Amino acid sequence: QEKSSCLSAALFGEDCEISRDQLYELLKYAALGKCHNATQPSWCRIYRQSHLAGVVVIVLHQMSQLHFYKFYLQFKHLRKVFRHRFTLTPSANFLASLYGERANLKPQNTAQGLTSTSSESVPERSDLQDNPIIQKYGEKKQGLTSYTLTLEEQKKNDYPIKGFSRCKGYIYTECDQQRTDSSPLFGLDCEMCLTAKGNEVTRVSLVDAQGRCLLNELVKPETEVVNYRTRFSGITKEMLLPVKTRLSDIQTRLKKMLPRDAVLVGHSLNGDLQALEMIHPSVIDTSLLFARNGGRRFKLKFLAKAVLGKEIQSEEKLGHDPAEDARAALELAQFFIEQGPTKVAELNLEMILKTEKLAEASQEQAALQAQGYTFQKQLNEPPHLSKPCFLECLQVTGQKPLLLGRQDLDSSGLCQSNLSASNKQILQKALEGVPLSTFSIIQFSLGPENIAPRLLAELCEKVGSKLTDMLTVYAGPFEESFCLKSVKKEFGRCGPFRSVTVVTETYQPYVCIQYEVLEAAQLAVESLNGAEVAGSCIKVQRPVTAALLDCDILIKELELDVENEGVIYVAGLKKSLTETDLQEEFSQLKDLETLFLPKDVQSGKHRNCCFLKFQTAQSAMDALEAINGWNVRGRRLRSRNALASGHLWRWIWQMNHSNGKQRRNILYKKMEQLSDSEQDLRKNVKKLDNQIRKLYRCLQKNTLCVVLFPGVN
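Quick note on numbering: UniProt numbering labels position 427 of the sequence shown as 427, and the sequence is numbered without any gaps.
Among these hints, one or two may not hold up.
[As the list claims (entries may be wrong)] Pairs of lysine to any residue, SDA-like flavour, derived with a Cα cap of 25 Å:
1) K156 with I279
2) K489 with R607
3) K556 with R682
4) K256 with L218
5) K574 with R682
6) K354 with I134
7) K605 with T472
8) K400 with K701
9) K301 with L149
10) K197 with N157
11) K317 with G271
12) K574 with A531
13) K354 with R296
I should point out that these hints are in silico values taken from the structure, not numbers from a laboratory.
The structure displayed is predicted, hence computed values, not measured ones.
I would like the entire structure built from these sequences, with the hints used as guidance.
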């Protein structure tokens with residue numbers, strides 16, 4: 001659940017099942033953005049990832065979809081707040097896969113039975129003193145004037161300087177007003193071609209502090225071009241043929257455009273100013289700003305990706321885009337000024353670069369091996385170059401993942417029980433630690449011990465029995481010679497059913513109808529109770545059992561569930577109608593967003609019902625009024641608000657098709673012995689829901705929060 005509208009999931013109905021890899025995609029992109037080759041998930045989309053304050057994964061140890069629906073009413077907060085729900089396909093330990101085979105987690109607070117994991121490769125405060133950025137600028141945040149190059153630095157790095165003989169004939173911008181921390185920043189970048197004279201400007205771009213492009217001009221060189229360097233410059237002979245703008249024109253325009261206190265920003269800006277033959281007194285050079293040891297410099301492309309999460313200088317494009325490069329350099333300088341040296345040093349750029357090189361080397365080696373090349377390991381080589389795991393990617397970007405729970409993760413990623421920690425202790429640690437971490441995994445448990453397999457099986461039987469009863473209606477009484485076909489036809493208009501049987505133990509015959517979807521059973525109760533069917537005025541009701549005493553409350557809560565907001569159920573359709581046919585029939589309904597036509601899981605055939613999702617709850621209500629009584633291809637439609645989302649009806653189908661006949665006999669024998677354990681579970685679930693509520697309330701705005709019911713596998 002995002003605490004702001006940043007996640008859009010395009011799943012509805014049958015597409016609500018996702019794999020472990022798809023969940024991994026979501027978490028990786030949410031945490032890393034475009035760094036480390038993280039891409040938008042294939043099954044949903046995160047808007048404005050850079051605005052995310054953090055990612056929190058709450059794991060409910062050994063709990064599954066069974067527990068969510070068994071204790072649906074007790075999960076009061078969870079079901080009202082978390083809008084998007086998906087079935088996760090069974091897989092191996094998800095946490096182990098998330099942290100990777102090479103993850104080495106160092107537990108802390110183990111005396112209290114808590115695991116708080118952080119990375120040793122993330123620089124601590126004492127390690128930052130050796131960082132060249134801290135050594136150059138100190139730890140405190142400063143204004144932009146602290147990062148402009150001094151005259152000595154300009155001389156050392158070959159910047160054109162006023163009064164130097166080698167700069168004879170250069171144009172001075174005359175921006176000689178004293179700079180302050182509020183002076184305007186401008187990003188500048190040029191592309192050059194090799195001519196008989198040397199490097200000459202062929203394209204110039206200037207952007208302002210808001211990233212708006214003020215100048216993006218092609219320039220005709222004074223002498224003949226020897227090498228266009230198209231691969232880097234993007235300039236071709238054809239592009240320059242119609243150009244009449246000369247260097248002197250650009251110099252004049254730049255002089256007019258720049259305010260007297262302007263600060264120019266660029267990456268290795270000395271080369272651009274040399275090519276422009278211009279002198280400017282106040283510059284920020286991002287190749288020197290993000291300092292490295294030994295006089296080395298980071299490339300602009302790397303910094304843009306590692307710091308800003310932006311891809312520039314794409315190989316798919318023809319040459320570099322100077323406006324894009326100018327904007328990237330400007331944003332890097334703005335990031336450095338706003339965040340300060342300490343935050344930049346904590347990014348651990350050297351480690352990111354090292355990891356990227358390892359990944360590239362691994363990819364190159366794999367590509368060569370695919371072509372038939374073989375490699376012999378040298379004595380000093382590492383055993384293998386494998387793809388960086390998720391934890392390592394977090395570490396090298398300066399993010400400290402936090403892991404809290406009763407299950408310690410050892411170096412292999414396997415869980416080890418640590419029963420001395422309570423959910424209360426875990427919650428307290430989480431309330432302190434989560435706001436300080438950008439990626440957290442918080443693991444709660446349902447009780448002090450693992451759920452016994454016997455109790456789990458019995459819960460499954462009990463939930464299955466309750467679902468069966470909720471899908472079942474009894475109708476009657478009928479005349480002795482009533483027409484069963486007419487009854488099937490009338491009740492079939494409410495939705496697909498599994499079976500229709502005649503009850504003969506009563507004085508007059510009754511009919512038992514077991515439906516496949518909850519909406520169909522509820523529609524039958526609502527629309528046919530008191531109606532005349534097959535010549536008799538009948539009563540329609542569900543079975544009267546202890547488990548169904550709260551059925552009306554459960555139906556009401558399901559109807560109000562946030563996942564069913566704006567969704568309606570429509571029954572009475574011809575099975576021959578396709579999705580395209582229905583789209584056409586319902587096209588006049590306002591704000592219709594999605595249509596889902598369920599299929600039989602075994603046969604793959606369409607059912608005689610569908611779900612319609614609307615953009616707003618009001619549009620859904622309007623559609624309900626319009627649809628009831630509609631005739632579509634000779635069939636009268638019935639509709640109501642949805643009760644069960646796609647993953648729920650699929651799960652109901654699976655429950656009803658697994659040992660359904662044996663379930664009820666076993667159940668009643670064990671009802672008494674289950675009651676005490678179930679009471680304890682119900683209390684624990686209420687507490688757990690309250691703890692999730694407290695944790696959720698402490699999250700910052702724009703936090704992506706995922707709750708996992710991983711089950712036992």
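**Request:** Given the hint that K574 pairs with A531, test it: the Cα-Cα distance must not exceed 25 Å.
**Result:** holds, 23 Å
**Asked** Keeping to a limit of 25 Å between CA atoms, is the pair of K574 and R682 held or broken?
**Response** violated, 43 Å
**Item:** Proposed proximity, G271 with K317 (alpha carbon, max 25 Å)
**Value:** Roughly 23 Å between the alpha carbons, so the hint for K317 and G271 holds.
**Proposed proximity, T472 with K605 (alpha carbon, max 25 Å)** = holds, 22 Å
**Item:** K556 paired with R682 [C-alpha distance capped at 25 Å]
**Value:** holds, 20 Å
**Request:** Starting from K156, check that the Cα of I279 is at most 25 Å away, please.
**Result:** holds, 15 Å
**Request:** Would you mind confirming whether the straight-line C-alpha gap from K400 to K701 stays at or under 25 Å?
**Result:** holds, 19 Å
**Request:** For the pair supplied as a hint, K301 and L149, confirm whether the alpha-carbon distance does not exceed 25 Å.
**Result:** With Cα atoms ~22 Å apart, K301 and L149 stay inside 25 Å; holds.
**Restraint check for K197 with N157, where alpha carbons must lie at most 25 Å apart** = Cα-Cα ~22 Å, so holds.
**Prompt:** Would the pair K256 and L218 pass a check requiring their Cα atoms to be no farther apart than 25 Å?
**Reply:** Holds, at roughly 18 Å.
**Message:** For K354 and I134, compute the direct alpha-carbon distance and say whether it is at most 25 Å.
**Reply:** holds, 20 Å
**Asked** For the pair supplied as a hint, K489 and R607, is the alpha-carbon distance within the 25 Å limit?
**Response** holds, 14 Å
In summary, the one numbered hint that this structure violates is 5.
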